[in-house]
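Colleague: The listed protein sequences correspond, in order, to chains G, C and D.
Going by our numbering, the first sequence opens with residue 1, and the numbers climb by one from there.
Going by our numbering, the second sequence opens with residue 1, and the numbers climb by one from there.
Going by our numbering, the third sequence opens with residue 1, and the numbers climb by one from there.
Quick caveat, the hints were computed from the structure, so don't treat them as lab data.
Remember, predicted model here, so these are calculated numbers, not experimental data.
Ideal Cβ placement from N, Cα and C applies to all residues, glycine included.
Some hints here could point you the wrong way.
[Unchecked claim] Short, incomplete list of chain G residues facing chain C, as computed with Cβ under 7 angstroms:
(1) Leu3
(2) Cys19
(3) Ala31
(4) Asp36
(5) Leu43
(6) Arg64
(7) Asp76
(8) Ile78
(9) Tyr82
(10) Met84
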Amino acid sequence: MLLIPCPWCGERDVHEFHCGGEAHITRPAGADTIDDAAWADYLFMRQNPKGLYYERWNHAHGCRKWFHVVRDTVSDQILAVYQMDEAPPDIPGRSS
Amino acid sequence: MRRQRFRLPDGGRVDRAAEVAFSFNGRRYFGHKGDTLASALLANGVHLVGRSFKYHRPRGIFGSGSEEPNALVQLGAGPRTDPNMRATTVELFEGLRATSQNCWPSLRFDLRGINDRFSALLPAGFYYKTFMRPARLWMFYEKHIRKAAGLGRAPDGCDPDRYEQTHAHCDVLVIGAGPAGLAAAQAAGAAGARVILADEQAELGGSLLSEPGRHIQVGDGTPADWLGATLAGLAGMDEVTLLPRTTAFGYYADNFVGLLERVGDHLPGDDGMLRQRLWKVRAKQVILATGAIERSLVFAENDRPGIMLAGAARTYVNRYGVAPGSRTVVFTNNDSAYAAALDMAAAGVGVEAVVDLRNQVEGDWPRLAREAGIPVMQGHTITGTRGRHRVSAVSVMRLNDAGDGVAGDVRQLKCDSVAMSGGWSPAVHLFSQARGALTFDEQEGTFRPGEAMQAVRSVGACDDAARLADCLSAGVEAGRSAALDVGCDGAQIAAPAVGEPALGPMQPAWRAPSDRKGVRMFVDFQNDVTAKDLDLAVREGYHSIEHVKRYTTTGMGTDQGKTGNVNALAIVAQQLGAEIPAVGVTTFRAPYTPVTFGAITGSHVRGLFDPVRRTPMHDWHVEQGAKFEDVGQWKRAWYYPRGEETMRQAVDREVKAARDGVGILDYSTLGKIDIRGPDAAEFLNRVYTNGWKKLGVGRCRYGVMLRDDGMVMDDGVTTRLGENHFLMTTTTGNAASVLSWLEEWLQTEWPDLKVYCTSVTEQYATVSICGPKARDLLAGLAPDMTLDPQNFRHMSMQEGTVAGIAARVLRVSFTGEVGFEINVPSRYGRALWDALIAEGELHGITPYGTEAMHVLRAEKGFFIAGQESDGTVTPLDLGMDWIVNWTKGDFIGRRSLSRSDTVRDDRKQLVGLFTSDPETVLDEGTQIVATVKDKPPMDMIGHVTSSYYSPNLGRSIAMAMIQGGRGRKGETLYAPMPDKVIEVTVTDPIFFDPDGQRLNG
Amino acid sequence: MGSGSMADARSPLAHLDGATVIERDGVRLAENPDAGKVNLRGDAGDAVWLAAIQAAVEIDLPQAPNTSTETPPLSALWLAPDEWMLVCADGSEGDVVASLEGAVAEFHASVVDVTDARTVFRLSGAGARNLLAKGCALDLHPRAFGLGDVAQTMLAKAAVILHQTTDDADEAGPVFDIYVPRSFADYLWSWLTDAIG
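Extracted from the complex, chain G is given alone in its bound form (with noise of 0.2 angstroms):
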C-alpha cells in the first residue's frame, strides 16, 4: 500500500487520498473560440506513459490540500511532490 507524501500532513496511507490523474492539463481559455477536436483533446486524451508520471493528488481525508507527484508508473517510487502552482521539476537522470 503506497505512502503518499502530502507536502502538508508528510507520509500518509493512499487511502487518505484521492488521486486526480495527468497533471499540468490547461483548460483551454476562450472556449467559445476552441474547434470540437481540441476541446476534445482537452476533455479526453491522457498519456499513460510508462515511467514518469506527473500527477495531481488530493488529500482528501486530511488537510484537502492538492498538490502534484511525479511518480514512476514502473516502480511507483515517487520522486517528487510540488505545490499547484509550482512547475514541474526536472528528475535528475530521468526524461519525461
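Mind docking chains C and D on chain G? Use the hints.
Modeller: Positioned in the frame of chain G, the structure of chains C and D alone reads:
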C-alpha cells in the same frame, strides 16, 4: 500416561508431563503439550494422513512446517471447521478433532484410488483435452469433476470466533526468529530501534529449536543456551515486540507487510474468542530472515507415506522427541542430511544407509557419520520404493559413470521411513513479493535475493547462508545497519563465536535415474504432477514456465509448490536444453500461506460492516416503525407503514397527505456547503449553468452543476445569505464529492478567486414540510416570522424562531406544493421534529419517507441526479434549456454543450411514459423499443429511469430517457418483458399541476 | 443563527440512554458532545490578519501542520495551511463566532459555527494508543504523535480529527479527543466499544 509407540524416551521440547488427547479420523490418540498434530500422529506411528488430489494415492507427513504439501486435514466441525490445515503447523490441544480430506469412503480404502490405476489415461492437461469440447458439455462434466476433486469442506454456519486487525509501525521489522532473525532483532533493539520480530511458529528460535548441539557450539555454550539468553534479552527491551505464531503473508508497496497472528488457534476455544489478529505493519526497514525450505528429491516412487524431508525427520527427533520410524534410509545430494542421520542414530533409530548421489563425499559431516558407524553409499541412487500405506523397502543402485543412468546390481534396503534432501531453497517469497530481483546461484542450484526494490535486507538461510556462524554475523550486521538507517545508533553488539563442522559442496540433482522406464517420480505431491507430466508439457509446446505451471498445475496447490517448484523448473530447463534462469521463475504472490476470510474482514462484520449514518431524528423513525432505505451510508426513512399496510398502501397514503394536508420529511441528509468570499457569486456563476450575480440577499435559486464534459453532475438550491455569503445544498449522495469538486476548481484552476467553502451538512438538521396546510402549521410554531405569501415568497429565506429554536427557514419545494425547509442546529433536530409532529396533529400531519418523496417529485417531472441522469446526460437532454445561461460567460461544461456529440438530435431525451393499462407499473431500467421482434436482439431506443404508481393521478407514471424523445410525444412504444410486451405512450414528463398553480396556493 | 433555545438539545448517542462512558483494561471512553467548535479560514501568511485574530480571541493560531495551540479555555487545531478549528467552552461558540467575525470583517476569511457537526469522544488511559491503532493507520507511538499533535485521518471507516490533549506522563495516561462527524457517532461508538473488547 499412555504409551506413544514412537515417542523417544527423552529429549525434545514437548512437555512430557502434560498429556493431550485428540482424535484423528474418529480414533482417539494422545500426544503432549508442545506437539503439532503431525508430531503427535508420528509419535503414534501414524504416517498415512491423506490422499493426493488427482490419483488419490496414499500420502504421509512430508515436512515439519508450512512447506507441507501432503498432510492436509479438516480441522474441527460444524461452524468452527477449517479445511486444508497443514498437520505440521497445527498445534495440538485437548479435544482437537481432525479428519483426512479427499478420500471416500475412508482414508485406508479410497474408491477413487482407481484413478491411480488409470493414471496413464490422466496425463497433464487431461481435463483440458477431454472435457472442453463440446463447450456446452463442460457445465455437465464440471459438477462431477469438482465432486471428485474437492479438498475439504467449508464451515456450515456463521463463524463463532472474533477476529481483529491492528496497524503497527516500527523502525525495523524482522521476519523469522531463527538465528539470523534473532541476532538482527537483538542488534537493532540494542541500537534503540522500535523492532517487531515475527515468526510463524509457536516458539521463537527457528532451526535452533531442532539443533541438539552435539556438534555445534555458540560462544561458551550450546545453541540452546544462546537461544535462551537472546530471547530473555529481547523480552527485556521495551521497544521490541515479539510475535510468535505470526506469519508474514504478504509484502506490499512502501514496506507495508501483512502479518497473521494466530491468537487462539492453539486453544480449544469458546464462542466469541479472539481467534486471529491481522497486523498491518508499516516498517521503515525490513529484515527478512525467513530461512530456507528443503527440496525434495525427484526419484522413482518418492511419494509413499514414510518418505519425508531429512530436515523434517531431524526436527521430529530433536524438537518433538519423536522417531519417524525404526529403520530409515537417508537419501541426499548434500551434507545437511548427514546431521539428520546422526541425530536419528543417536536417538536409536536404525539408519540403514545414507544413499548419496555425489561421487565425492569427504566433508566433516559425512566423516562424523562414518565415525558413528552409519553406512554411506556414495554415487548411489534410489531406483524405486515399495509399501502400500507406508514405505517398506527401497531399491538402491550405483550411478553410472556419466551420472545419468544406473549400473550394477539392485540392492533392497528394508526400512519404514526415508529421509531425503535435495538441497535447500532460500525462502525468497517475501523478497520477491517486495519486487526484489532474484539471481540464480549455479553452485547451490537456488534462487537467491538479488537487487532489492524496497528498504529490505535478507539474512541467513534465505540469503543462502548455510553455516550458523554466517547467519549470526549477517543478522547482527543487518540489524545494526537497519537501525543506523533510521537514525538509531545506540549500543552495538557482536555476534558470538561459533564452532561447527564445515559443509561440503552439494550437487544439484534434478531427477534421480532409475532402471525402470516410465516409473512415476513426483515433483508436486499435492497436485500429483510427475516429471513425466512436465516432459509431456514441454513436448506439447509449453516452453514458458508460467504456461507449464498452468497446464500441469505444478505449484498451484495450497502449498504453492514450496518444496517442488525449483525441481520443476530445472526439469523443464533440462527438457528445453536451456539454463534454469532462462526458463525464469514463476511469480511469488501473497499470501505466503493461506489467510482466513475472518482475518481479512476483521471486526468489520455485521453491524460494523459499513458505517450507518444516522440523522438527528433517526430514533423517531425507528420508534414509529419506519422502513429504512440505504442512501449511500445514510439510513433514510423509506416509508412508515401503519398497521397492516403494504408498502404501496403506505406510500399512496403519504403521497396523498402531502398534497391534501401537510407532510413532513426528514431532509437532514441534504449536503450543505457554506460558501463565502468576495468572489463567491462569480464562483457560483462558473460552477452552475445559470446566473447568480443578481440573486438578492435572502433569495434562493435552483442550480444545475455540470462536469466539464457537459454532463449533469448534481443539482440543488443555493441561498444568498449575504453579499459575499451563500449556502449551497447538494443531493444526499453527492455532498462530499461536490465539496471536493468545488475545492478542486478553487485550488487548481481558479486560485485567484477569493472563496472559502466549508461543509455544514452535519451542522444542521433539516425538516421539510409541504402541502396546503404547511403554512398554518409553521405559523403555529413561529409566531415571530412573516409567513404570508406576499412577504415570504417562493424561493426566499427567513431567519427566526421555530418551536423556540433559532432556525433558518427556506420557502422551497421539491413536491410542487407550498413547502418550507426548516434548518436548526443538529442537536435540536429531534426537538423541532417533535414540536412539528405535536403541533401538526390538528392539521393531520403525515410523515413521509423517501419513496413518497420520489413519487411526489416524479408527478412534477423533477429529475433526480443519478437516476434520470447517469453521467451521460446534459441539461438539454433533460429538457432544461431554461437553466442554461449562454450569455453570462464561461461555466464548467459550457463548451461541451455544443460538441458535435451533445447536439445530436437522436440523443436520449427525458420524456414521460403512460402504460396502456394504468395499473401496470413498469420496472425501472426496462428497455424501450419502437419495434417488437419475436426475440432479442431488438433496437433499444431508451430505458425507464423512474416508475411509480401515482395516487394523485390514479394511474402509473414513468420517466424515461428515449432517443429523440421530445419529438415522439404521442407515439406508441413498447417495453418487451420476458412474459409479455407492455405498450406505452410517450408524454410530457410533467404529470401533475403543469402550470405550478399549487405553489402559490 | 445562534443556538440559544428552550428546547432539549440531544446528543447523537442519546439512544444509548446515558451509557456513554466505558472503562475497561486501562482505557476510558466518554462522550463530550457539547464543546463549542468554530471553523476558521484565512491567510496564514498575512501577519495583520493573524494579529487581528489574536486580538479578538487571544490565541495564536498554530502554523506548523497538524499541531495545536491552547489559551484556556480556547484551543486552536491546525486543519490545513489556511484552516483551523477553534474549540471553546460549551455554549461560548456564539461569542467566539461574533468576536472572530468582527475581527475578520475587513479580510477575506471565513468563520463558521460547526459545533453541532461533530461530537467529541474522549479516549484516555495507557491502552488508548493500542485501541486507536486497531482502526487508525497513523503511527501513534509517543515518538511520532504526542501532546498537542493533531491529525485528520480515518478511524475505522469514519473520517475524524484526532487531538492529544495531555501528556503520556500524566497520571491518567494520554488523553485523545476524537472529533467525530455527528452522523457517524453511533457507528464509531459501536466500533470502539467492540474494539475495547
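Colleague: Against each hint, give a clear statement of whether it holds in the structure.
Modeller: Status of the hints after comparison with the structure:
no. : hint  : verdict
1   : Leu3  : holds (4 angstroms)
2   : Cys19 : violated (12 angstroms)
3   : Ala31 : holds (4 angstroms)
4   : Asp36 : holds (6 angstroms)
5   : Leu43 : holds (5 angstroms)
6   : Arg64 : holds (6 angstroms)
7   : Asp76 : holds (6 angstroms)
8   : Ile78 : violated (9 angstroms)
9   : Tyr82 : violated (13 angstroms)
10  : Met84 : holds (6 angstroms)
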